[in-house]
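J.: Go ahead and model the full structure; you've got the sequences and the hints to work with.
Going down the list, the sequences are from chains A and B.
Per the working numbering: the first sequence = residues 1 to 533.
Per the working numbering: the second sequence = residues 1 to 134.
These are calculated hints, taken from the structure and not from any lab test.
Any given hint could turn out to be false.
According to the in silico footprint, chain B covers these stretches of chain A (three or more CB under 8 Å from chain B) [to be verified]: (1) 363-377; (2) 419-429; (3) 467-473.
Here are the simulated BS3-like cross-link-like pairs (lysine-lysine), alpha carbons at most 27 Å apart as the crow flies [as the list claims (entries may be wrong)]: (4) A:K192 x A:K224; (5) B:K92 x A:K309; (6) A:K387 x A:K414; (7) A:K387 x A:K162; (8) A:K378 x A:K412; (9) B:K92 x A:K485.
None of the values given here were measured: they were computed from a predicted structure.
Every residue, glycine too, gets a C-beta built ideally from N, C-alpha and C.
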Amino acid sequence: MDGELPTAGMRRRDLLKLIGMTAGSAAMYQAMTSMGLAATSDYSGPIKLEGDPKGASVLILGAGLAGMTAALELRQAGYKVKVLEFNNRAGGRNWSLRGGDTYTELGGATQKCEFDEGLYLNPGPWRIPYHHNGLLDYCKRLGVQLEPFQQINHNAYLHSTKAFGGKPRRMREIKSDFQGHTSELLAKVTQKGQLEGLVNEEDQEILLEALRSWGALDKDYAYKAGDLAAEFRGYEKDPGGGIGAEPAPGDVIGLSDILNSGLWRSLANFALYEFQTTMFQPVGGMGRIGEAFAREVGDLITYNAKVTKIAQSEKGVTVTYEDVKNPGTTQEASADWCVCTIPLTILSQIDINVGSAMQAAIAAVPYASSVKVGLQMKRRFWEEDDKIFGGVTYTNQPISQISYPSTDYNKKGKGVLLGCYTWNGPNSYEFTAMAPEERVKRAVEQGSLIHPQYKDEFENGIAVAWHRSPFTLGCAGDWTDEARKEHYNNLCQIDGRIVLAGEHASYIPAWQEGAILSSLNAITRLHQRVLQA
Amino acid sequence: MKRQIACGLAALPLLALPGVPAAFADSAGITFSNGRTFTEQTGEQLFTHVCAACHLDQGQGAVGAGHYPALANNANLESAGYPILILLQGQKGMPPVGQMMSDDQIAAVVNYVRTHFGNNYQDAVTAEDVKASR
Chain A
1 MDGELPTAGM
11 RRRDLLKLIG
21 MTAGSAAMYQ
31 AMTSMGLAAT
41 SDYSGPIKLE
51 GDPKGASVLI
61 LGAGLAGMTA
71 ALELRQAGYK
81 VKVLEFNNRA
91 GGRNWSLRGG
101 DTYTELGGAT
111 QKCEFDEGLY
121 LNPGPWRIPY
131 HHNGLLDYCK
141 RLGVQLEPFQ
151 QINHNAYLHS
161 TKAFGGKPRR
171 MREIKSDFQG
181 HTSELLAKVT
191 QKGQLEGLVN
201 EEDQEILLEA
211 LRSWGALDKD
221 YAYKAGDLAA
231 EFRGYEKDPG
241 GGIGAEPAPG
251 DVIGLSDILN
261 SGLWRSLANF
271 ALYEFQTTMF
281 QPVGGMGRIG
291 EAFAREVGDL
301 ITYNAKVTKI
311 AQSEKGVTVT
321 YEDVKNPGTT
331 QEASADWCVC
341 TIPLTILSQI
351 DINVGSAMQA
361 AIAAVPYASS
371 VKVGLQMKRR
381 FWEEDDKIFG
391 GVTYTNQPIS
401 QISYPSTDYN
411 KKGKGVLLGC
421 YTWNGPNSYE
431 FTAMAPEERV
441 KRAVEQGSLI
451 HPQYKDEFEN
461 GIAVAWHRSP
471 FTLGCAGDWT
481 DEARKEHYNN
491 LCQIDGRIVL
501 AGEHASYIPA
511 WQEGAILSSL
521 NAITRLHQRV
531 LQA
Chain B
1 MKRQIACGLA
11 ALPLLALPGV
21 PAAFADSAGI
31 TFSNGRTFTE
41 QTGEQLFTHV
51 CAACHLDQGQ
61 GAVGAGHYPA
71 LANNANLESA
81 GYPILILLQG
91 QKGMPPVGQM
101 MSDDQIAAVV
111 NYVRTHFGNN
121 YQDAVTAEDV
131 KASR
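T.: This is how it looks when you write it as structure tokens:
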């Protein structure tokens, strides 16, 4: 997962350039685009589909969040609604695997989840930004209880097998020391007048004060080991009470060591808008959202329905589907209009008579690779031993990260770690190509380099590789800027009586908010079309 | 190395996981790539760790709500230019995984797939052929 590391011995000007890039927009932009994610929500409250659809019917394909949002709102607006769903459950990628669940991936490998009661893995989405207003509003309306999701934990680790002898460092140490050193450097060039022409004299004075405050610099604008730095980075020995309780600040890590460690690469994960505090998760697993939607619209859903053909005429839309439980038996469902939320990986293989522009758009979007592994541990050693309560540890190993449960803090008993979360790149394919048991085994091996406790505490695990998912054949739409420019509007336009929706038809791919906003936008336009018809 | 990898996979009957000291047994041979490009070099390695993610271990493909085409006995492989192009450009939902491979790697994996799993196309491609298609 590790890219090239900066070389030692660079000139200061290059260093400053690098630091500017690292702390600034370039690094973040790179991180954002590498995640394929870079947008915010334009949700502005519940939609109002006013006007009488006069008994018009809509067939919705897919009972994920996009499909169920459409079902809920269109029925409310007076439409006759039916939903076809491939799985035997609602929710789609909104999904939690709990003890007793079984999951069969493409290729036939079946895993039984062995987690204890109350523990789960969210194979798909697992965190909700505070600005994903549409999703949050549905959670409120549907009574889905939320709790904070810890993305940022200063006491979690940043880890590289190639740095600090493979010993993980606390995020607060890397962040504080990096911030301190870079502030000191910038203060030095400011004092030498090297910002002349870039920052006026008055602002230079303010800048120096700001750097001192921001970087924990001393009166001489130096960042060094001591009480001041310890107030940011933490102590070698924490302050206590009574005799012998005096705190001891630790050494600071040198700038060159930080730069060459590459650990600074992970810091953007604590700064990106998408990951900023407050993030949320549903109490009991992300799947609670899909379950809540299904309580509202479950009566409209036909499960185990594999769509094989979508045909439209001037009069309506007819969809042919196969009963997954009885292969070879096909049935038809018809309606005046169709909202299709089938992932493009699958839709691009289905006979559908839309125009060439939409056909080309459907075929233009590859799907990202992603793998998640959940690991049940006998005890919450990350809390008990390592004082890590929620949050994410990042590593240069193929597992990429370890996330600690953002619930049941400080309790005795077991817990489930997210022991691997890959997103594109070679390792994601390599994990996918393994048998599920091998993925779990590798996640345990790699995680134990950060938490040696794995060896004694690991009990069981489950691994979901999204390219092996029978109902998506991939994780999420992986748009390039070029493809979006050429095809996005063609994908989203209404074609005759058919409109597409889903995260793939949004500027927030791979996020549930994208699915919901896409759906709301699609049905709003569809409703206008119906009223005009 | 080639054999080790094949054995590494075969040697994992991987019973149920509970208990799992076995999870720490040394599993020789399977290595992960380091960085943004694949480190596997031979056609067999690349097939096993990349292509098989979707097309499965014998190139048999898979069927769910949609399907992954079988690479086994696949007449579309008759023209070597076709798999090269798909690796470089992707195809519908398939990502352009060849962008994470060198010309040599693409040639190796194309030659491997075209001569295994019931395919028998002996006109091997070269890195130069791949380069010309980029």
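J.: All hints are to be evaluated individually against the structure, with a verdict given for each.
T.: Status of each hint after checking the structure:
1. Counting residues of the segment 363-377 of chain A whose CB falls under 8 Å from any CB of chain B gives 6; the rule of at least 3 is met.
2. Counting residues of the segment 419-429 of chain A whose beta-carbon sits less than 8 Å from any beta-carbon of chain B gives 5, enough to reach three: the coverage restraint holds.
3. Figure legend: the segment 467-473 of chain A, annotated as covered by chain B; annotation consistent (7 residues with Cβ-Cβ distances under 8 Å, at least 3 required).
4. Taking the CA atoms of A:K192 and A:K224, the gap is about 20 Å. The hint holds against a cut of 27 Å.
5. Proposed proximity of B:K92 and A:K309 is supported: the alpha carbons are some 18 Å apart, at most 27 Å.
6. A threshold of 27 Å between alpha carbons decides the hint, and for A:K387 with A:K414 the separation of about 16 Å falls inside it, so the pair holds.
7. A hinted pair counts as satisfied when its Cα atoms are at most 27 Å apart, and A:K387 with A:K162 qualifies at roughly 24 Å.
8. With a C-alpha separation of about 10 Å, the suggested pairing of A:K378 with A:K412 holds against the 27 Å cut-off.
9. Annotation: proposed proximity of B:K92 to A:K485 holds, straight-line Cα distance about 17 Å (limit 27 Å).
The structure agrees with every numbered hint stated previously.
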